[in-house]
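Enquirer: Chain by chain, the residues run as shown.
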Amino acid sequence: MKIALVVGTVVASQKEPNLEGSRLLILKNVTIDAQVQSEYVVAVDAVGAGAGEYVLYAGGSSARQTEATHNRPVDAVVMAIVDSWEVGGVEKYKK
Amino acid sequence: MKIALVVGTVVASQKEPNLEGSRLLILKNVTIDAQVQSEYVVAVDAVGAGAGEYVLYAGGSSARQTEATHNRPVDAVVMAIVDSWEVGGVEKYKK
Amino acid sequence: MKIALVVGTVVASQKEPNLEGSRLLILKNVTIDAQVQSEYVVAVDAVGAGAGEYVLYAGGSSARQTEATHNRPVDAVVMAIVDSWEVGGVEKYKK
Amino acid sequence: MKIALVVGTVVASQKEPNLEGSRLLILKNVTIDAQVQSEYVVAVDAVGAGAGEYVLYAGGSSARQTEATHNRPVDAVVMAIVDSWEVGGVEKYKK
Amino acid sequence: MKIALVVGTVVASQKEPNLEGSRLLILKNVTIDAQVQSEYVVAVDAVGAGAGEYVLYAGGSSARQTEATHNRPVDAVVMAIVDSWEVGGVEKYKK
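Residue numbers (this note's numbering), protein chains in the order written: chain A, 13 to 107; chain B, 13 to 107; chain C, 13 to 107; chain D, 13 to 107; chain E, 13 to 107.
A few of these clues could be false.
Copies of one chain are not kept apart here, so a pair can be met inside one copy or by any two copies together.
Think about it this way: if two alpha-carbon atoms lie no more than 30 Å apart in a straight line, the pair counts; the simulated DSSO-like pairs of lysine-lysine are [as the list claims (entries may be wrong)]:
1) LYS40 <-> LYS104
2) LYS14 <-> LYS107
3) LYS14 <-> LYS106
4) LYS107 <-> LYS40
5) LYS40 <-> LYS14
6) LYS104 <-> LYS14
No lab work stands behind these hints, which were simulated from the structure alone.
Required output: the full structure, derived from the provided sequences and hints.
Expert: Right, here's the structure in full:
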């Protein structure tokens, strides 16, 4: 998984029928020092995440292992909202 | 998923039999500021997308989770046509 | 999928038994302007492709969705021979 | 798989229910000369690894092939703690 | 698949139980001109490969399609030992 920041949303009305109701979030990867990077990914929200929150997302087939994404054509899912993380005992982020 | 622009098509008459009838689109990745990048991917169309449209595509095994791609040897599928997206509350693209 | 040029072959006599008879092609990725790149991949041939032909290959688990590759430890398959492709209405390659 | 160093942990209380109890480790990739790189990944611990240990992690669907990760939305798992490795007969690391 | 050179081994006594007995090889990618690159991967050996041999490895879920790796948390497998390869009719390597 990667840590990312929720920065936006995508609206798409014409889509695979089983994606109806999925929230599509735009995430930007962050470094472990909490610096936001330019690289982004669009992921389906499985945990009620919102703009400005740090989250974990999983990619590939693992992205379909949530109720929100089961058997759907999505390759990235937000499966956790991050409270905090530490590196070498030093807190790098706390919500 | 990634946001991409449909820029072209591929014709391939000699192919796996179960790919008969699949539309093969050439997509170029775009940044979240809607700038078109040089990187491309060829994806099967599952939603009736056409040239000049912004779309979402999914890769890997998730690309086979549509009616158009089930059990077929394809690793990228267009599964949504994008209406709009916003970053930090600012609309970056609207159809 | 990616468009690639068939440039060579690999011979491997000591291998997983279920790979017996598989043709192993060396592919070089091409840009959408048909320029050959240095990056390569070794893929199993599922469609009778030969040196000098432009092909489409699929990677990951999708590479096992052909008769030639089913249940085999291969992560790339040539699943189509390209006749032509166009970008923005301009033909970039025709066989 | 890749060799990585365990450098930190992530806390996430709001997450997919089946992730309850999973330990989320921050790993930094290392070169085969045991130099720590900036690239990181967040992986679920399946073997009781701790900070400062060199580990192997697996990605993609293979990350779900442990008791700790079965059917869960995780795309990276620590599946071994490294005792030592050698390159060309020269020991590069020993615990 | 990629062509790689077997350059070393990893020892890991504390690991997922079903990895008991797996040989963990360190591979370095090679170019199609047989030049060894710095990038490495750790793969399970399924064909009896040894140091100094050129091999093919498969990644992702395809890495689990051998007897040695079935249902195990490994994302790379050596599934063939290379005898030779040619590019444009020119032999680049012969064992």
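Enquirer: All the hints need checking, so say for each whether the structure fits it.
Expert: Each hint tested on the structure:
1. Taking CA atoms no more than 30 Å apart as the test, LYS40 paired with LYS104 passes in both settings, with 17 Å inside one copy and 15 Å between copies.
2. Proximity of LYS14 and LYS107 under a CA criterion of 30 Å is satisfied in both settings, with 17 Å inside one chain copy and 28 Å between copies.
3. Proximity of LYS14 and LYS106 under a CA criterion of 30 Å is satisfied in both settings, with 17 Å inside one chain copy and 29 Å between copies.
4. When the C-alpha separation of LYS107 and LYS40 is checked against a cutoff of 30 Å, the pair qualifies both within a copy, at 17 Å, and between copies, at 23 Å.
5. For the identical chains of this complex, LYS40 and LYS14 are neighbours both inside a copy (10 Å) and across copies (12 Å), given an alpha-carbon limit of 30 Å.
6. In the homo-oligomer, the alpha carbons of LYS104 and LYS14 lie at most 30 Å apart both inside one protomer (15 Å) and across protomers (25 Å), since each shortest distance falls under that limit.
Every hint, counting from the list given before, is met by this structure.
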